[in-house]
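There are 2 protein chains.
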Amino acid sequence: MRVTFRRPDPRDPGRPVYVISVAASIVSVHPRTLRIYEDAGLVCPARTPTNIRLYSENDIRRVMWIRHLTQNLGVNLAGVRILFELEERLGTRILERLYDEGARDAEVAPAAEADTTPEPSPA
Amino acid sequence: MRVTFRRPDPRDPGRPVYVISVAASIVSVHPRTLRIYEDAGLVCPARTPTNIRLYSENDIRRVMWIRHLTQNLGVNLAGVRILFELEERLGTRILERLYDEGARDAEVAPAAEADTTPEPSPA
DNA sequence: CATACTTGACAATGGCATTGTCAGGTTTCT
DNA sequence: AGAAACCTGACAATGCCATTGTCAAGTATG
Numbered sequence: 001m002r003v004t005f006r007r008p009d010p011r012d013p014g015r016p017v018y019v020i021s022v023a024a025s026i027v028s029v030h031p032r033t034l035r036i037y038e039d040a041g042l043v044c045p046a047r048t049p050t051n052i053r054l055y056s057e058n059d060i061r062r063v064m065w066i067r068h069l070t071q072n073l074g075v076n077l078a079g080v081r082i083l084f085e086l087e088e089r090l091g092t093r094i095l096e097r098l099y100d101e102g103a104r105d106a107e108v109a110p111a112a113e114a115d116t117t118p119e120p121s122p123a
Numbered sequence: 001m002r003v004t005f006r007r008p009d010p011r012d013p014g015r016p017v018y019v020i021s022v023a024a025s026i027v028s029v030h031p032r033t034l035r036i037y038e039d040a041g042l043v044c045p046a047r048t049p050t051n052i053r054l055y056s057e058n059d060i061r062r063v064m065w066i067r068h069l070t071q072n073l074g075v076n077l078a079g080v081r082i083l084f085e086l087e088e089r090l091g092t093r094i095l096e097r098l099y100d101e102g103a104r105d106a107e108v109a110p111a112a113e114a115d116t117t118p119e120p121s122p123a
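So the protein lines, in turn, are chains Y and U. Per this note's numbering, the very first residue in the first sequence carries number 1; after that it's consecutive. Per this note's numbering, the very first residue in the second sequence carries number 1; after that it's consecutive.
Hints were generated in silico from the structure; no laboratory data involved. We treat Cβ as the ideally placed atom computed from N, Cα and C, and that holds for glycine. Any given hint could turn out to be false.
As the list claims (entries may be wrong) - Covered by chain U, per the in silico footprint, the following chain Y stretches (three or more residues, Cβ under 8 Å): (1) 28-40; (2) 43-49; (3) 66-75.
To be verified - Estimated spans, in silico, between C-beta atoms of each pair: (4) Gly14/U <-> Glu85/Y: 25 to 33 Å; (5) Gly91/Y <-> Pro49/U: 43 to 51 Å; (6) Glu85/U <-> Pro31/Y: 45 to 53 Å; (7) Pro49/U <-> Ala78/Y: 39 to 47 Å; (8) Val19/U <-> Arg97/Y: 32 to 40 Å; (9) Pro31/Y <-> Thr48/U: 31 to 39 Å; (10) Arg15/Y <-> Glu85/U: 53 to 61 Å; (11) Ala46/U <-> Ile36/Y: 22 to 30 Å; (12) Val22/U <-> Glu85/Y: 30 to 38 Å; (13) Arg11/U <-> His30/Y: 49 to 57 Å.
Make a model of the complete structure from these sequences and hints.
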């Protein structure tokens, strides 16, 4: 397996930086919930050599997607899994289309929490 | 969109034929459940001039998809709605890909799909 | 007239999502 | 070293959802 060497770019959205408590506070959920998402295979944060979870910016956005789908659109975790798998298979950003619908339903102005459209971490 | 005049072809899969009790027995659900699906906007059976529901073959398959997604894949109705909307927007048969997952059996070539609609877990 | 359909309501059951905590152990920081 | 935060696994409470089931009052059909 060819592993590309990335020099430590502090702005690399794929770089693992947040421990679970920080990640949880960013997305406003209980750390327990993040572990559940991981057990469900919906997000896979990196680990330090000593097994500590480290969430990247991409992981955070992915979790934000899960929250959007579950809280605003009412989809359960099984549905989220299907949508993620589907997006990966189709190689399309199908979820972006859902964002408009969600914004239409919920007047809660999701842009308040994320100025950039949430985007699941690419494969 | 092509609005064609259909002569009363008894085999037209879009032709409304089953009353709710028959449709319910075909897909093995309570009639109550079919009405719930309709209220949720997941299936829209035709009506007689006197307001009686008539399900077509396409409606039946659609309900079968709902059952497959909910019972086998654990998706809730909100998730089903998203998937249906997505399929309609993309104009793609994205759901067919999900069926493979449910029955990951053989690696046989993508089958020359006999009729345009898939049949989930045919009993 | 009897049977099956319509809508609307109410309820019971079971399952899932989320939060929360506790225990025993490890890592990190001061 | 000691405190704080992490790890896994388990257990529980709350609340919502899906499904089935029934009842009532009204309409349709043979």
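Report task. Starting from the hint list further up, note which numbers the structure goes against and sort them upward. Result -> Per hint list: 1, 2, 6, 9, 10, 11 violated.
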